[in-house]
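Engineer: Given next are the chains, with one letter for each unit.
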Amino acid sequence: MDEMLKLKLKRISRKNEPYLFLVLLALCLLIEVRSGQFFAANNLVDIASALIVPGLFAIGAFMVIVSGGIDVSFPALASLSVYASTTYLLSIDYQGGVWLAFLLSILIGAVLGLFNGIFIGYFKLPTLIVTLGSTNVFRGIMQGALDSKQLATIPSGMREFGTSALFIARNPVSGLTSRMPVAFLVFAGVLILMFLMLRYTMFGRSIYSIGGSEVSAHRAGYNVVRTKIIIYILVGMIASAAGVIRVSMMQQLHPTNMLGMELKVIAGVVLGGTAITGGRGTLLGCMIGTLLIVIVENSMILLGIPTSWRSVFTGALIIIGTGVSARQVISMHKVKSRSIKQPIRRGA
Amino acid sequence: MADSLLKVVDVYKSFVGVKALQDVTFSIQPGEIHCLAGENGSGKSTLIKIISGVYTPDAGSIEINGRQYNKLTPIEAINNGIQVIYQDFSIFPNLTVMENLAVNSELSEHRKLVNWKRMRTIAEDAVSKIDFDVDLDELVGSLSVAQKQMVAISRALIFNTKLIIMDEPTTALTKREVSNLFKIILKLKERGISILFVSHKLNEMYEISENFTILRNGKVVATGSTKELDAEKFSFHMTGRKFTKRHYRVERLSSEPMFEAKQAGVQNGFEDVTFSLHKGEILGVTGLLDSGRTELALSLFGMRPIDSGQFYMYGKPVTLSSPKAAIHNKIGFVPEDRLSEGLFLPQSIADNVVISEIDRLTKKAGLVDKEKRAEEIEKWVRELAIATPDPNNLCQTLSGGNQQRVVLAKWLACNLEMLVLNGPTVGVDIGSKHDIHGILQDLAKSGLGVIIISDDLPEVLENCSRVLVMKAGRIVADLETDKTDESVILSYMM
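Protein chains in written order, with the numbering used here: chain A, 1 to 348; chain B, 1 to 494.
Heads up, a few of these hints could be off.
Said to hold, decoys possible - Quick list of in silico lysine-lysine cross-link-like pairs, BS3-like style, CA-CA up to 30 Å: (1) B:K219 - B:K262; (2) B:K262 - B:K316; (3) B:K233 - B:K245; (4) A:K8 - B:K117; (5) B:K189 - B:K49; (6) B:K245 - B:K262; (7) B:K129 - A:K8; (8) A:K15 - B:K233; (9) B:K49 - A:K6; (10) A:K15 - B:K117; (11) A:K124 - B:K49; (12) A:K6 - B:K330; (13) B:K189 - B:K262; (14) B:K112 - B:K49; (15) B:K19 - A:K124; (16) A:K124 - B:K71; (17) B:K148 - A:K124; (18) A:K124 - B:K112.
Said to hold, decoys possible - Pair by pair, the computed Cβ-Cβ distance ranges are: (19) B:D10 - A:Y122: 28 to 38 Å; (20) A:L7 - B:K175: 24 to 34 Å; (21) B:W116 - A:A316: 49 to 59 Å; (22) A:F21 - B:D131: 33 to 43 Å; (23) B:K219 - A:Y122: 30 to 40 Å; (24) A:L107 - B:R118: 49 to 59 Å; (25) B:D131 - A:L7: 19 to 29 Å.
Unchecked claim - Below, a sample of chain B positions facing chain A; criterion: calculated Cβ distance under 10 Å: (26) V84; (27) N100; (28) N104; (29) V140; (30) F236.
Calculated directly from the structure, the hints in this document are not laboratory data. We put the CB at the ideal spot given by N, CA and C, even for glycine.
Next comes chain A alone, as it looks inside the complex (with noise of 0.2 Å):
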């Protein structure tokens, strides 16, 4: 029993997910004592609020990087395909629900990142230059073909979900008051659905398995093309969701506002212990990873640092925290080979 304990111990110690909750609680704890405001109520729903969008984009960043890719269009792929269906209903002069915007979005997200696919999968071509050639391309429809511009009105049932709210939280001492958004529902719920699909279904563990190895993959019986195109349709579906939510929530639509979001978005991922190399990884880990991120970004003024060093500090904290990552990789090699030394000591 003693040994079991002992083995649970040592794996739990080898997991990336214990360590990086020890920083978010220690960054937490030092904006606590240095502004004794991070725990109050109002800014807990700032930061949930704040976290639905790189929380969505994360999620199918994730799925890409375990399958041994890496994508980068999908802030590309969000806008165009939010900037279509918004321009599209405004045109119709639509007054109903905002279900259609994400039904339309969805759809178009969907055939983006069947494009996506099919270049991936079918043609096996590297997922970078894929995506940083579709990139382009999404942006060029946008600008080009859709003539993008600033819209600043949104149709009505978009507008109306964005300022919905499930709850008010207001701060005792300034009164300040904060809004949480239905939309949190839409992430809670995305998360929850690709938790499920990776751990319980043949497709989510063919994700895994593809990033450990396509070969063997292939040989095991997975359809390794039909895995990764399905992947890049969700990619494409969970980003364009984010779009719509994105919009709403700003209340106006800035076709370029969503470009550049990849880097920090990635850097969430592979904070949270994802392997860059594919096939490891945890989307709790990924949702702490991505959680630190939102909380340099939108804590500095809190902790009394100038909003103009925050790139700085999130540089920072993304090389430290893939750094140490990174050397508990090494060491683990390390300890391994000394192992296996070990047998000369006895003997001599």
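On the provided structure of chain A, position chain B as indicated by the hints.
Structural biologist: Relative to chain A, chain B alone:
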């Protein structure tokens, strides 16, 4: 032979005009251990892929349990109980042992959802079949090579398996692990499972298989009982050439040693290693995988600098603190894994040959002297008979034996005093092996100090004049090769 489990009849297969298999016929009985041998490119892998349904033969047929197939699909092969264990084991290093074991059967049953409890039951069943003791929740990536192989074997047994094809299963195993593998193979045989054992090592064929088939250039050149095979016949069938063994004889031994090690040691590697190397002799170093032989090899080239004792060259102390220092002292090194450590595979043969002497070929302005470079390349390609139409071809286009010649050429171009070779002919086919041995012997005769570190005992006995046996980090014997034999060396090693 009506009761054959598997019969391959008159199979032909060609790829874009190249005949990979011609008129291949062979059969396996239930419970038979059959060895399939052949040099690289002889058609072994093509044959395996035809048996497992990956390739369709152009002509001929496959009979399984009396049923004839002209076109066998991978699924049909699996349903007929044929399982292949590839050299890379087809595992997922990022997943647990349990998932690795269970995934194939879950997929073949077309399951859509994962039931972790059922997967555990499948995995437990699988490992119990060969009494494989392993933590099912461990990641496969952190297991040893032998354990990974056991995972692959256990997984193959989940199906109603009748034939297991093992593609060079002993390549990365230690002697102890090999004998363990053989025990398991015999256990499988007892249960009526046939094994097709792909190998090019004669001693393994003797030890484990009853019958053999040797392929050469896509044709079956010999088949029969392993008992009737001897080393001479084996290498003739494998290569189509006859070799006469050249035992190395020392002709002119320098009176003073050219290289000495005194009480040399590296932490967790070896200790108290003392020996001397004279000009004109070839010194062998042998031992089991964990004996410290590899560490000694690395130390001699400055890759694991010694932390006690001293090396001497021509009586003067030398410090080999880095490969650069070793090269400066005119010591060359042929590593164990030439592909990852010895060569730039995606670069040209020519660049690989001149890389270590690039400083000498550089003109004052820092530019490479093109004429001198071309001369050097021409010379070494000719001298070592590297088989290439054009030295500007990429190194990866060469066969294993020719790649090893490029590694040799690279060092010889540097006018060495001493050359250390770690497993010089691992993965090299018999013909090239013979040629490389010839080159080394000629070099030693012309005055190069040669140290061969190898666990291939026939190689050591044939080529070295003296052999040091290492065990647990120490030298336990210093033997003259013409006064000893394999069994004596083995008794010191174990």
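Engineer: Are B:K219 and A:Y122 spaced within 30 to 40 Å by their CB atoms?
Structural biologist: holds, 38 Å
Engineer: For the pair supplied as a hint, A:K6 and B:K330, is the alpha-carbon distance within the 30 Å limit?
Structural biologist: Answer violated: A:K6 to B:K330 is near 51 Å, above 30 Å.
Engineer: Please verify whether B:K245 and B:K262 have alpha carbons no more than 30 Å apart.
Structural biologist: It is violated: about 34 Å lies between the C-alpha atoms, which goes past 30 Å.
Engineer: Regarding A:L7 and B:K175, is the given constraint of 24 to 34 Å on their beta-carbon distance met?
Structural biologist: holds, 30 Å
Engineer: Hint validation: B:V84 versus chain A, beta carbon distance must be below 10 Å. Holds or violated?
Structural biologist: holds, 8 Å
Engineer: Could you grab the alpha-carbon distance between B:K148 and A:K124 and see if it respects the 30 Å cut-off?
Structural biologist: Status holds; Cα separation ~28 Å.
Engineer: Check whether the Cα positions of B:K189 and B:K49 lie no farther apart than 30 Å.
Structural biologist: Given pair B:K189, B:K49 holds - Cα atoms ~23 Å apart, limit 30 Å.
Engineer: Does the Cβ distance between B:W116 and A:A316 fall inside 49 to 59 Å?
Structural biologist: The hinted range 49 to 59 Å is violated for B:W116 and A:A316, with Cβ atoms some 39 Å apart.
Engineer: B:K189 and B:K262: Cα distance at most 30 Å?
Structural biologist: Judged against 30 Å, a Cα distance of about 51 Å means the pair is violated.
Engineer: Holds or violated: are the alpha carbons of B:K112 and B:K49 at most 30 Å from each other?
Structural biologist: holds, 28 Å
Engineer: Measuring from the C-beta of B:V140 to each C-beta in chain A, is the shortest one below 10 Å?
Structural biologist: holds, 9 Å
Engineer: Quickly compare the C-alpha distance for B:K233 and B:K245 to 30 Å and report which way the hint goes.
Structural biologist: holds, 13 Å
In summary, the structure is inconsistent with hints 1, 6, 8, 9, 12, 13, 21, 24 and 30 from the numbered list given earlier, while agreeing with the others.
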